[in-house]
Amino acid sequence: MESVHERAPPCGEPAAGRGSGAEGSAAPAVEAVRLVRRFGPLTAVDDLNLRVPTGSIFGLLGPNGAGKSTTIKMLTTLLAPTSGSAHVLGFDVARQSIEVRRRIGYIPQLLSADGSLTGYENLLVFAKLYDIRRAERARRIREALDFMGLADAADTLVRRYSGGMIRRLEIAQSMLHRPAVLFLDEPTVGLDPVARHTVWAHLRDLRRQFGATILMTTHDMEEADHLCEVVAIMHRGRVVALGSPADLKVTLGVGATLDDVFVHYTGAAFEEGAQYQDVARGRRTARRLG
Amino acid sequence: MFVFLRQTLAVAEAEIRKLRHDPMELLTRAIQPLLWLVVFGRVFGRLREIPTGELSYLDFMAPGILAQSVLFIAIFYGISVIWERDLGILHKFLVSPASRVALVSGKALSAGVRAMSQAVIIYAVAALMKIHLRLSVGAVLGVLASIALGAAIFSTFSLAVACLVKTRERFMGIGQVLTMPLFFASNAIYPLAMMPAWLRGLAAANPLTYQVDALRELMIDGGRSLFGLPRDFAVEAIVLVALIGLGARLYPKIIT
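Quick mapping for you: the protein sequence lines, in order, are chains A and B.
Oh and the first sequence: position 128 is 128 in the working numbering, straight run, nothing missing.
Oh and the second sequence: position 90 is 380 in the working numbering, straight run, nothing missing.
No wet-lab data here; the hints were simulated from the structure.
Wrong hints could be hidden among the right ones.
List time: in silico BS3-like cross-link candidates among lysine-lysine, alpha-carbon distance up to 30 Å [said to hold, decoys possible]:
1) B:Lys543 / A:Lys128
2) A:Lys128 / B:Lys456
3) B:Lys456 / B:Lys543
4) B:Lys308 / B:Lys456
5) B:Lys308 / A:Lys128
6) B:Lys543 / B:Lys308
Model the full assembly from the supplied sequences, consistent with the hints where possible.
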């Protein structure tokens, strides 16, 4: 891990040795073993195995409906697994959910800052929910806003923010309590190219400054190529390929792009996988972005 | 315990800050109860057939209309929960270490504070209509407490319903279906003594009845609670605790 804890270390040290199956190597930040989630007859996540190395930026790729968001929801304790187990920082997501929640940050796919509050107020509410002490609170909020380049917009209602600004505000919010693992679901979907690059730069800065492990889902191959050190390609609820973007490209031969890798492993999934819900959600985000 | 309280207050504070940014909403909410008082109350007051004891009909119904206006706002509270789910705001709350009970209690508290604004408007109109209000500090504080409790009850009930039905369309339908029966199966605009037995049975199981009963004594000069204030508040408190327990269980289910 190359990171330097310049400021506060991530709250809650990883519970060393508690992660099952660590097999001598450093304990992974996130580990899922034979994870399954069914919704009625539909199996969204099917026997998923996953190890996210501590300190890495890990990309979960796959077409709509591959089970990425369901996986993230289980790892962030929002959804109980049907079977199998998952640990975050050595804590079981089902049985030690409060311990997990204290140590993670989460940015959902939707632009989810509250439009009827100012940027500052959005952060204030979460600083209080995470029980950050009063003396620390103002300083951390100010730092987070500065860090994300939002100091001037702190007292503006968020409904007047652009999509890129809302995303940055959400990243600012998610780092207030110094999470050791940050989960992002499609962090740049719907953003223009400039806003996307800004968000990427901020995520890299975030990792450098606080040493957080970042687990993100995306179906944007450029994003995965730019940002992720390890990617897992998901298809029909399973991991079908795993490796660094460079390694995965090499396996397909000279000149292959990550797009090629993606299509190679997921085939014609584009047409069959997407569900109405995904499409509706995408539209909603698009509407908010105007 | 203190952490729990702080988290509850944080959720309520967010809602109250939103109101401060957009107070117009409170004014538009005041129109309906005004119509009830000024139009319905005036007309039915002439009837003199409704046995309201020593109170004039307007004095009798004013607490009922205050309770009703609180109910009508609170019962649609669930829509904001569905809205927050659709926007993804709720996901972030649920991923925070705050307990579900704190999140639901915070929502209930904010609904209570929001409802107090109704009292201000209705008191102003009631004074203009020469309704005999009790204006002692103790009585007014009692009214505010009763309103906050009523709003907390019905907003939490609404939240629980929202977590079950999950979509705005279905919720709106159910909200419409719920409000009128809750209102009519209560002592808000006619006394329990007038009701057929079956309706009186329903009214006895309706938290709104106890809220109106308490308000009648606390708000109106010469008004008398039928059940006694301790019983009114005890029933409401028990219902609220039960609903918050239920709401906290259902709350995480809204995102699945």
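For each hint, the structure was consulted:
| no. | hint | result |
| --- | --- | --- |
| 1 | B:Lys543 / A:Lys128 | holds (24 Å) |
| 2 | A:Lys128 / B:Lys456 | holds (28 Å) |
| 3 | B:Lys456 / B:Lys543 | holds (9 Å) |
| 4 | B:Lys308 / B:Lys456 | holds (23 Å) |
| 5 | B:Lys308 / A:Lys128 | holds (16 Å) |
| 6 | B:Lys543 / B:Lys308 | holds (25 Å) |
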